[in-house]
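Trainee: Dock chain W against the given chain B, drawing on the hints supplied.
As they're listed, the protein sequences go chains B and W.
In terms of the numbering used here, the first sequence opens at residue 1 and continues consecutively.
In terms of the numbering used here, the second sequence opens at residue 1001 and continues consecutively.
There could be a bad hint or two in this list.
As the list claims (entries may be wrong) - If you only want the chain W side, here are some residues facing chain B, beta carbon under 8 Å, derived: (1) ASN1008; (2) GLY1011; (3) LEU1045; (4) LEU1050; (5) GLY1052; (6) THR1053; (7) PRO1054; (8) GLU1060; (9) LEU1062; (10) VAL1063; (11) ILE1066; (12) ALA1069; (13) LEU1125.
Said to hold, decoys possible - Short derived list, chain B residues pointing at chain W, Cβ under 8 Å: (14) GLU56; (15) ARG60; (16) HIS76; (17) PRO77; (18) ARG81; (19) GLN85; (20) LEU89; (21) TYR92; (22) TYR121; (23) ARG125; (24) ASP182; (25) LEU183.
Claimed, not checked - Away from chain W, derived, C-beta distances all over 12 Å, residues of chain B: (26) GLU78; (27) LEU112; (28) GLN162.
Hint data in this document are derived by calculation from the structure and do not stem from the laboratory.
Remember, it's a predicted structure, so these values are computed and weren't measured experimentally.
Cβ atoms here follow ideal geometry from the backbone N, Cα and C, with glycine treated the same way.
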Amino acid sequence: MQRNRMASEASVQPWSAPWSGSRHESGYSEQIARDAADRDRTLVKRCLHGDGGAWEALVRTHTRVVYATCYRFTGHPEDARDLTQDVFLRVYRGLASYQPGAAAFRTWLLRLTRNLLIDHYRKTRKDRVLEPIEDQVAGLREKSIIGGRADHALAKREISEQLHAALDRMSPELREAVILRDLQQMEYQEIAGVLDIPQGTVKSRINRGRRDLAKHLRAMGVRP
Amino acid sequence: MNCRRVENLLGDYLDRVLPVDERRAVEDHFADCARCSAAKEDMDLALEFLDGTPHVELPEGLVANILDATVHAEPPAGGMAAAGGGVMSWVRPFLQPLFEPRFAMSVALAIVSFSILTWSGEKTLDRWQNADPIAQVRTATTGLDRAWEQGVAVYHQAFSTPEVDTQAPDKGESASPDAGTLATP
Chain B
1 MQRNRMASEA SVQPWSAPWS GSRHESGYSE QIARDAADRD RTLVKRCLHG DGGAWEALVR
61 THTRVVYATC YRFTGHPEDA RDLTQDVFLR VYRGLASYQP GAAAFRTWLL RLTRNLLIDH
121 YRKTRKDRVL EPIEDQVAGL REKSIIGGRA DHALAKREIS EQLHAALDRM SPELREAVIL
181 RDLQQMEYQE IAGVLDIPQG TVKSRINRGR RDLAKHLRAM GVRP
Chain W
1001 MNCRRVENLL GDYLDRVLPV DERRAVEDHF ADCARCSAAK EDMDLALEFL DGTPHVELPE
1061 GLVANILDAT VHAEPPAGGM AAAGGGVMSW VRPFLQPLFE PRFAMSVALA IVSFSILTWS
1121 GEKTLDRWQN ADPIAQVRTA TTGLDRAWEQ GVAVYHQAFS TPEVDTQAPD KGESASPDAG
1181 TLATP
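Chain B on its own, in the form it takes in the complex (with noise of 0.2 Å):
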């Protein structure tokens, strides 16, 4: 599974290291990155010489990641879809602000879109009533008794709902961390970029987010 997690994203990303042991091929990737973070560089330089074709191929290099992380962390596609755009929006408006010679850009989009699900995070924190362990765990079994594990869509869809059940328990700076090291394959000194911390610290909320999701999968009877 691992394998072709790897191997399927490294497709799609140009960034993520292709499968050879290791969960991440620091060396390997690190050029990958660096060639990345070049060709973005002459695509923001020419958008903004008003290349309309370089704004299209950043896009749509990007809107992936960007939609990944919006919808690992809302959980509801309708609001990843919403920050998406709201993010490409505000890019586009403040592409001259971006210095090149402080961050990669798409480290200087990811912490962009961090800031706008913080604020979602908190503007929604009232509206979020959990709804007991006890009961989002009866209706997750319900769900996989009336579809049944045969068929496959249902079961992927059942996977992403526990996914997202036990990151909704997990607080915003944990589930950042996790969201973005396991499920964005990101390196640790990207990550420091993006959340502008020391890598000490992202190792730390990596090791911690990863046990908190541990004691809520076994709290939800997904993993014993």
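Mentor: Leaving out everything else, chain W in the frame of chain B:
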């Protein structure tokens, strides 16, 4: 190897990027330490689950919607000028604070204050330059006399009041009953 060191290396251990000797040392520690071993088990469980989660599919038409929305939006601020000049891109961070609302308001207030001061200063200067020297001395003397008189008046008023107060009871005692009668309405 202690627990703190293992905690720091745990991410790299699970990513399988640790050198063989460090990997062995971490594994030896797991065998002796139930706490770190439990942490590793938790993380293994979380990672196994996360690896099994499906990819996020992009909703249909999202890219087109973004492109459509940005086409109708204002062009990137700065545009050609921002990208064109190397000097401009270097100078921009220094100029940026000048366009902050707070800074603009301060500059506007400073300009207004300076204009008022200049205007009133010029008027006074004109008056002094165009006046007759004898008249200037006379005006100054008159001004000084008036100030002296005012000062004296204030002094008398200030120091005569307690005197009146201290004398008040005596006056009251020696006052005729008619005075009291007159004072009452």
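Trainee: Regarding the hint that B:GLN85 lies at the interface with chain W, is the smallest CB-CB distance below 8 Å?
Mentor: Since the shortest Cβ distance to chain W is 6 Å, the answer is holds.
Trainee: Quick one: work out the minimum CB distance from B:GLU78 to chain W and report holds if it exceeds 12 Å, violated otherwise.
Mentor: B:GLU78 not clear of chain W: closest Cβ-Cβ about 9 Å, inside 12 Å.
Trainee: Tell me if B:ARG81 is really an interface residue toward chain W, meaning its C-beta lies closer than 8 Å to one of theirs.
Mentor: Since chain W brings a Cβ to about 6 Å from B:ARG81, closer than 8 Å, the hint holds.
Trainee: Have a go at the W:LEU1045 hint: is there a Cβ in chain B nearer than 8 Å to its own Cβ?
Mentor: holds, 5 Å
Trainee: With a cut-off of 8 Å, does the beta carbon of W:LEU1062 approach a beta carbon of chain B closely enough for the hint to hold?
Mentor: holds, 6 Å
Trainee: Is the hint on B:TYR121 kept, meaning its closest Cβ partner in chain W is under 8 Å away?
Mentor: violated, 19 Å
Trainee: Taking the least C-beta to C-beta distance, is W:LEU1125 closer than 8 Å to chain B?
Mentor: W:LEU1125 check fails; min Cβ-Cβ to chain B is 48 Å, beyond 8 Å.
Trainee: Given B:PRO77 as an interface hint, is the shortest Cβ-Cβ distance to chain W below 8 Å?
Mentor: Hint holds; B:PRO77 Cβ to chain W Cβ min 6 Å, cut 8 Å.
Trainee: Holds or violated: is the Cβ of W:PRO1054 closer than 8 Å to a Cβ in chain B?
Mentor: holds, 4 Å
Trainee: Close enough to count: is the Cβ of W:VAL1063 nearer than 8 Å to one in chain B?
Mentor: holds, 5 Å
Trainee: Verify the interface restraint on W:GLY1011: the C-beta must sit less than 8 Å from at least one C-beta of chain B.
Mentor: holds, 5 Å
Trainee: Using Cβ atoms only, decide whether W:GLU1060 comes closer than 8 Å to chain B, and label the hint accordingly.
Mentor: Hint violated; W:GLU1060 Cβ to chain B Cβ min 11 Å, cut 8 Å.
Of the hints listed earlier, those the structure fails to meet are numbers 8, 13, 16, 22, 23, 26, 28, in rising order.
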